[in-house]
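Assemble the complex: chain A is given as a structure, and chains B and C must be docked to it using the hints.
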Amino acid sequence: MTAATDAPQIDARRSGRWLYIASVVLLCAWVLVPLYFLFINTLSSPETVNSFPKGFVPEFDFGSLRFFAGFQGMIDALYNSVLVAVLTMIMSILIGAPAGYALSRFDFRGKELFRMLILLTRAFPLPLLALPLAVLFIRVGLDDTVFGLALVHTTLAIPFAVLITFSLFSGIPIELEEAAWTLGCTRLGAFTKVVLPLILPGITASAIFAFVISWNEVFAAAVLTIENRTLPAFLLQSLAESPLHLKFAGGFILVVPALIFIFAVRKYLFAMWGIANR
Amino acid sequence: MNARLLPYVLILPVTVFLCIFFLYPFVLVAQQAFGSDTGWSLDNFRDVVSHWKFSISLWNTLLLAAVVVPVQLALSLLMATMVSKMKRGRDLVLYVWTIPLGISDLAAGIIWLAIFEQSGFLNSMMHGLGFIDAPMNFISYQNMTMVFIAIALAEIWRATAIMLVILVAGIGLIPKEYYEAAEVFGASPWKRFLKITLPLLRPSLQTALVLRVILAFEVFAVVAALGGTLFPVLMGETYSYQFDLSNSGAAAAIALIILAISIASTLVILRALRVPKGATI
Amino acid sequence: MKLRFELAGAVSGIAIVCSAVAAQADVLFWSTQARPAEEAQAMREVVLSGSDIAVDYQPNETGPWLTRLQAESQAGSGTIGLLGSLHGDFAALDPAMLAPLDDLGLAASSETFNELSKLGTDTMKYIPWMQASYVMAANKKALPYLPEGADIDALTYDQLIEWSANVQEGEGRPLFGFPAGPKGLKHRFFQGYLYPSYTDGVVRTFASAEAEAAWEKFLELWEHTNPASTNFSFMQEQLLSDDAWIVFDHTSRLAQAFNERPDDFVAFPAPAGPTGRGFMPVLAGLAIPATAADMESSKAVLDYMMQPETQIATLRATNFFPVVEVELPDDLPPAVQATGAAIATMSAAEDANPGLLPAGLGDQGGEFDRVFVDTFERIVLARQPIRAVLDDQKTRLNDIMQETGAPCWAPDAASEGPCPVE
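Protein chains in written order, with our numbering: chain A, 1 to 278; chain B, 1001 to 1281; chain C, 2001 to 2422.
For the record, the hints were derived by calculation from the structure and aren't laboratory data. Please note that the accuracy of each hint is not assured.
No more than 20 Å apart at the CA atoms, straight line, and that leaves these computed lysine to any residue pairs for SDA-like [as the list claims (entries may be wrong)]: (1) A:111 with B:1088; (2) C:2394 with C:2410; (3) B:1085 with A:47; (4) C:2140 with A:47; (5) C:2118 with C:2088; (6) A:111 with B:1081; (7) B:1053 with B:1038; (8) C:2141 with C:2260; (9) A:111 with B:1270; (10) A:111 with B:1003; (11) A:267 with B:1085; (12) C:2394 with B:1085; (13) B:1087 with B:1071; (14) B:1085 with A:28; (15) A:267 with B:1088; (16) A:111 with B:1013.
The shape of chain A in the complex, shown without the other chains (with noise of 0.2 Å):
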């Protein structure tokens, strides 16, 4: 760090330091807060979720939970998510990422095209595509089977993967991958030893987004899915209409598990940190 001796310059470090802490305090706050609210309601009696004023601190009745835990297939029904989720994520990435290297890498005819293709994916509402969807799986015997929700889910991560690894794989410097070329490595040496380490922050970016994408989607799930149902697609549909104690309760069930995977991953988004700054 640059000295600095004088001490107003150090004074107005120092409230420099406090205004940040404080900014990052709040800001965490802003996020916390809301979700707070709901742990608070989840854990109270249908009495108290009706009431006015409200509690600021839980009073850990768990009788919504528990109803819950007693609901028919929450065990399945969450193992499909997960198993939903996790092929969502590989496929789009394995097949997103090559798509975001080209648009970064090449000048290519169509280039243009290619890239409003993969933006009208997501301007275009799935519950519309969801008949012709249906009738095709249908068809073809995809129908209600965990791999053909998790293409569906795909055709809505893939955006996120292909334009994710396309902004990093821009800001990677072609001239790194020339040095490793000019070293004797092939493209694909030089792509796996000096870009990829490079890019799994933007690897990870996309596959926390595939995850909750997939995690997250209800009405795809619910037409294309019969025994093999999806945790949202089991609680979000009857959940809107449901006693509001229960209504928490379960937003609070599906919140959890996209928590834990998002804190599993976080690292990754640094991962490289240390390395892409020497």
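Just chains B and C now, with coordinates in the frame of chain A:
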């Protein structure tokens, strides 16, 4: 491999995939928008656009996007730079900030309604602090500004993390030397942000903005939870045509209008934040 | 290394998935009713557990329900074995999508319902399953505010307005609650309650001078209505949270309040206007899609659903009343007792003016509802002049009637040909 062919090989899987699972159903649905008893026609579009609610929902959708997206952009940039400077606790803070990503829009609607409803947490808090005697009505037709603010806050809370994650991953690629050099020359933090971070972050900014804007035009669940019938948006009209009115032609027509708006705004963003091929550094 | 591991996982995952598809013996009961988590659970554990044939009960919102049904119909093969939904949802379908059910020999005790279930064809396309209605409910704290001389079982709209005004004055906030939210059933109030009570009709009298008066009355009531009503869709929530003391809603959307705090609330008939006490039924039906894989099993389950014991179990689970003659036991849940009594009083009232469900509208049923929702939103929320809105919406309504050729239904006077908007 032949360098002219390589890009096509690389984009082939995505293209095939999207043709089957997106373009095929899309074309079938889009046809309905132009169909009528007498063959090809624009009747559906005319019907949809002439309905009295259309202009209101269009305006609401655009206004919400225009207010929410810039705030989210600023906020996520601020958060991304803050987190990148952090020495300790970076993982944890970043994790906390990305939490809303894991929350579906339906769940977010439930959470924010619990805050703003009459017997909700905001009223409880103000009551506890002695600001009010009886619970206030935040969400009512008498106070549309408040309804709008509530929806905007919920959207900002829910969807800022989408941009944050993309920007954080992008900032990680900016070499530290640039900042060190700038510091040696006495550039202020603000100047460093303007001259180094922003330009070098352009590819990620572009991606984050495009995706966020497209999603903003499809906003629905949070708005429905908080705005009720007061704040119609285009996507809500689409669903209402498709499922309440069993009029899939009209539903497809509105969806195509949303699509057109998305394309237009995407083109604007792409132009404004053009990324040169390959290395920008 | 890691990637290879994940791939292996994926492959085994796919294998598991494929093997899971094979066994599929249960009859899939695809329903839009009994959606709330607790009701769905009760349907599975209590109502359907007695069936000889295993049933997989899956409630869905109308969107996925309809999409899946249409997809199976278009693909020509399907997994849905039994459909449960409202009359209006079935009416919007192409009747050819549903298997004829005459040979089952099942029917409701109401001939009107049986006629409706033919959906304009000459065979029964669904079997009436269960019925409900809309009633009023109030917090007992509101009772002291009742206007002098008013009988809660024979209220008029004027008395209701006065009552709501008294409550607002006494409590300092408006406490009438109306389900005007996105999922609220507001249009039913106008079609089945306000219009019959003021104009003795729905379609013919849509834009009449009496209708104008009815909307003016409603605006008066709206003055004392909780302005957050545009977010209310299930009035039991507002009863329980004290955000509304006097409400109107579907009996099953009030049930939770009575079941949770039976001593705090009363149910009572809808109010009366100059042309009587208008009210309308809700009818849900059971149907079998033409693509059902195992028609025999489906029919067996349908038969089971219509047994008196099942009908009573359904009543306990969903707060929908039986459509066949049954002996009701005494130990019914508080909500059923309270709302059941209110419906009985309402039907037996001297000035009762019962309406019927719209018939013959086909897939225009949604458009028909929308006319009323739009009229409400324009007059009450957007404050547009009543006469102008009615005249404008009238053309829309007339188009629907002409297009579908639907004849008038009660309380409108019968018509030859499509019901005219006068």
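Hint check against the structure, violated hint numbers in rising order:
Failing hints, ascending: 1, 3, 6, 7, 12, 13.
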